[in-house]
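Q: Now for the letters of each chain:
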Amino acid sequence: MAALASWDVPVARWVQWPGNGAPELGFIEPLLRRRLSPLARGALHVANACAQGCPSARFVFASRHGELQRTVELLRNLAQDEELSPTLFSLSVLNAAAGIFSIARRDQAPATAIAAGAESFGYGLLEAHLRARQDPTQPLVYVYADAPAPDPLGRQPGDPEAVFALGLLIHGNGTIRLHTGIGPGDAAATPSTPQAHACLQALERGSADWAGGRRHWHWIRQ
Amino acid sequence: MNTLEQEIKTLIIEALNLEHMSQEDIASDIPLFGEGLGLDSIDALELGIALKKKYGIELGAGDSRTREHFRSVLSLAALVRSQGKAA
Chain A
1 MAALASWDVP VARWVQWPGN GAPELGFIEP LLRRRLSPLA RGALHVANAC AQGCPSARFV
61 FASRHGELQR TVELLRNLAQ DEELSPTLFS LSVLNAAAGI FSIARRDQAP ATAIAAGAES
121 FGYGLLEAHL RARQDPTQPL VYVYADAPAP DPLGRQPGDP EAVFALGLLI HGNGTIRLHT
181 GIGPGDAAAT PSTPQAHACL QALERGSADW AGGRRHWHWI RQ
Chain B
223 MNTLEQEIKT LIIEALNLEH MSQEDIASDI PLFGEGLGLD SIDALELGIA LKKKYGIELG
283 AGDSRTREHF RSVLSLAALV RSQGKAA
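Read top to bottom, the protein sequences are chains A and B. Residue numbers for the first sequence follow the numbering used here, beginning at 1 and rising by one. Residue numbers for the second sequence follow the numbering used here, beginning at 223 and rising by one.
One chain only, chain B, in its complex shape (with noise of 0.2 Å):
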């Protein structure tokens, strides 16, 4: 188990309040938003302050990556990899 993504698993379960779900309804590489999780533009929004909480990632409004960023679990973890301070 890759304990980054575990962590960002429960960092989306807590932040979304996703009370229905556990670590193990999140494949690490189902798409978030849209079809799979389902997840919405307020939970991108939400999301995004808690990563910047967390992790201290800034994501520009205007950056065109921030949607493959924000496409699963696995790019997020790649995302904090190369950008995110040691939490």
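Chain A with its partners taken away, still in its complex shape (with noise of 0.2 Å):
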């Protein structure tokens, strides 16, 4: 199979939700955590677990849905010619999460938000690669985080089957190198597990293959 693209990221360390025990989010004051969703809890467990010992880090952060969850509760308020809540509306934006880590660490560094369908992770693995590349010196930690598509949409083929983060710790340091590659899709094929699971287990058993319909993706750790 002729690869399209692929290319190689330096990992430090990776951390998974769940995982053992309860999120630890003691680094956001009380205030600020009380808004927090069950996928940010997850998504800044996992970020803030990968940037120990990085006063300041670069981050990137994918989500198929980020905080859809949000979105249509407020929809239905809306629908229902209810009121909207302020709170809702402010956490309802897919960059929710990195603001957040931005505010409760006082790290100015840059961030980003991306969405890419059942490849969210794979492609916001690609924009963490291009941003680590910018200066391999300096640290950058990137968190994959979704929930299952809430009602009425419903669970879509490639979502976990409940709150899930993986937070990759990216730095020209890292013993670990994860291998990427992309090759041309079969259209009728639909994931059958999340994308992010592929990585983990390639992370924790060495390969792992992915398809999802557009494209074929393979992770080998080297």
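Think of the hints as simulated: they come from the structure by calculation, not from any bench. The beta-carbon is built from N, C-alpha and C at its ideal position, and this holds for glycine as well. Please note that a few of the clues may not be correct.
Here are the in silico distance ranges between beta carbons for each label pair [as the list claims (entries may be wrong)]:
#1 P253(B) <-> G19(A): 33 to 43 Å
#2 P157(A) <-> R287(B): 49 to 59 Å
#3 S102(A) <-> R293(B): 24 to 34 Å
#4 P253(B) <-> S102(A): 27 to 37 Å
#5 A300(B) <-> E73(A): 26 to 36 Å
Only part of the chain B face toward chain A is listed, based on derived beta-carbon distances under 7 Å [to be verified]:
#6 E241
#7 I264
#8 I271
Computed list of chain B residues with no C-beta within reach of chain A, every gap over 10 Å [as the list claims (entries may be wrong)]:
#9 T225
#10 T232
#11 I252
#12 E257
#13 G284
#14 R289
#15 E290
#16 R293
#17 L296
#18 A299
#19 L301
#20 G306
Two chains, two separate frames, one set of hints: put the complex together.
A: Here's what the structure looks like:
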């Protein structure tokens, strides 16, 4: 299979959610923390665990649905002619977790939030790679987080069954080389598992493939 | 214990997701915004909606007394007693 694109990122550590125990969100003051959704809590837990020891780190956040749960709730309120909650509105955007991360850590390093359908994890990783390459001596935290699409949309092929987050610390001194390759896809294929699960499997066991229609992806831990 | 004040404290905790607080943590005369409880402008809007829903109180955006009404649980209770419909 001819690769359409491939790249390597140096990974210093990775953290997944759910993990062991409760999310560690003590770095966020309670008045800020109270407004976080379960999705944002998972995302910020892995982001903070990855960023340990890095006073400043660039941040790339990827999510297929983001805070869609909140958007749906706002739309329901609108449909029923109810007042909209300012809290829901202000934190319904895709970059909400990235903003909270920056505020809580008092870190003004650049942050990007992207969504790319079922391939959000992979294209987020591409964005993280390109950002990291601009200055490999500085750390970059890459976080992917998703929850299944809420009703009335319902869980989509490739959605996790519950909140899932995976964070990578990409840094020039990382000892793991994570190779990503993209090849032509099969238009008839629908993803049976979340794309991020394939990358996690590669990090843990060596390699994994994922087919989701538009592109075929594979990951190799080197 | 004043029932209306307790009720407003519960309303504040629930409407503003103050998951780390209980009624006992909110003194009736403590300033709600800025120094004191530390609530922000989004909380003010959220609280305005909650008061409207529960007590039917309409607060004009340009009403200069709004800031005074929102000062503390005591001032909110006074507002509800003077303008609110029975919950």
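Q: When you take the CB atoms of P157(A) and R287(B), is the distance between them in 49 to 59 Å?
A: Holds, at about 55 Å.
Q: Find the nearest Cβ of chain A to the Cβ of G306(B) and say whether that gap is larger than 10 Å.
A: holds, 17 Å
Q: Is it the case that A299(B) keeps its Cβ farther than 10 Å from each residue Cβ in chain A?
A: holds, 22 Å
Q: Was the hint right that I271(B) lines chain A, CB cutoff 7 Å?
A: Given a least distance of 5 Å, the restraint on I271(B) holds.
Q: With 10 Å as the threshold, tell me whether R289(B) passes as away from chain A on beta-carbon distances.
A: holds, 17 Å
Q: Just double-check G284(B) for me: nearest Cβ-Cβ distance to chain A has to come out over 10 Å.
A: holds, 18 Å
Q: Can we confirm that no CB of chain A comes within 10 Å of the CB of L301(B)?
A: holds, 18 Å
Q: Since L296(B) was said not to touch the interface, does its Cβ keep a gap of more than 10 Å from each Cβ of chain A?
A: holds, 22 Å
Q: Say whether it holds or is violated: R293(B) keeps its Cβ farther than 10 Å from all Cβ of chain A.
A: It holds; R293(B) is separated from chain A by about 18 Å at its closest Cβ, greater than 10 Å.
Q: Does E290(B) really sit off the interface, with its C-beta more than 10 Å from all C-beta atoms of chain A?
A: At roughly 21 Å from the nearest Cβ of chain A, E290(B) sits farther out than 10 Å, so the non-interface label holds.
Q: Classify the hint on E241(B) as holds or violated, based on whether any CB of chain A lies nearer than 7 Å to its CB.
A: holds, 5 Å
Q: Do S102(A) and R293(B) keep their Cβ atoms within the hinted range of 24 to 34 Å?
A: holds, 32 Å
In this structure, none of the earlier numbered hints is contradicted; all agree with it.
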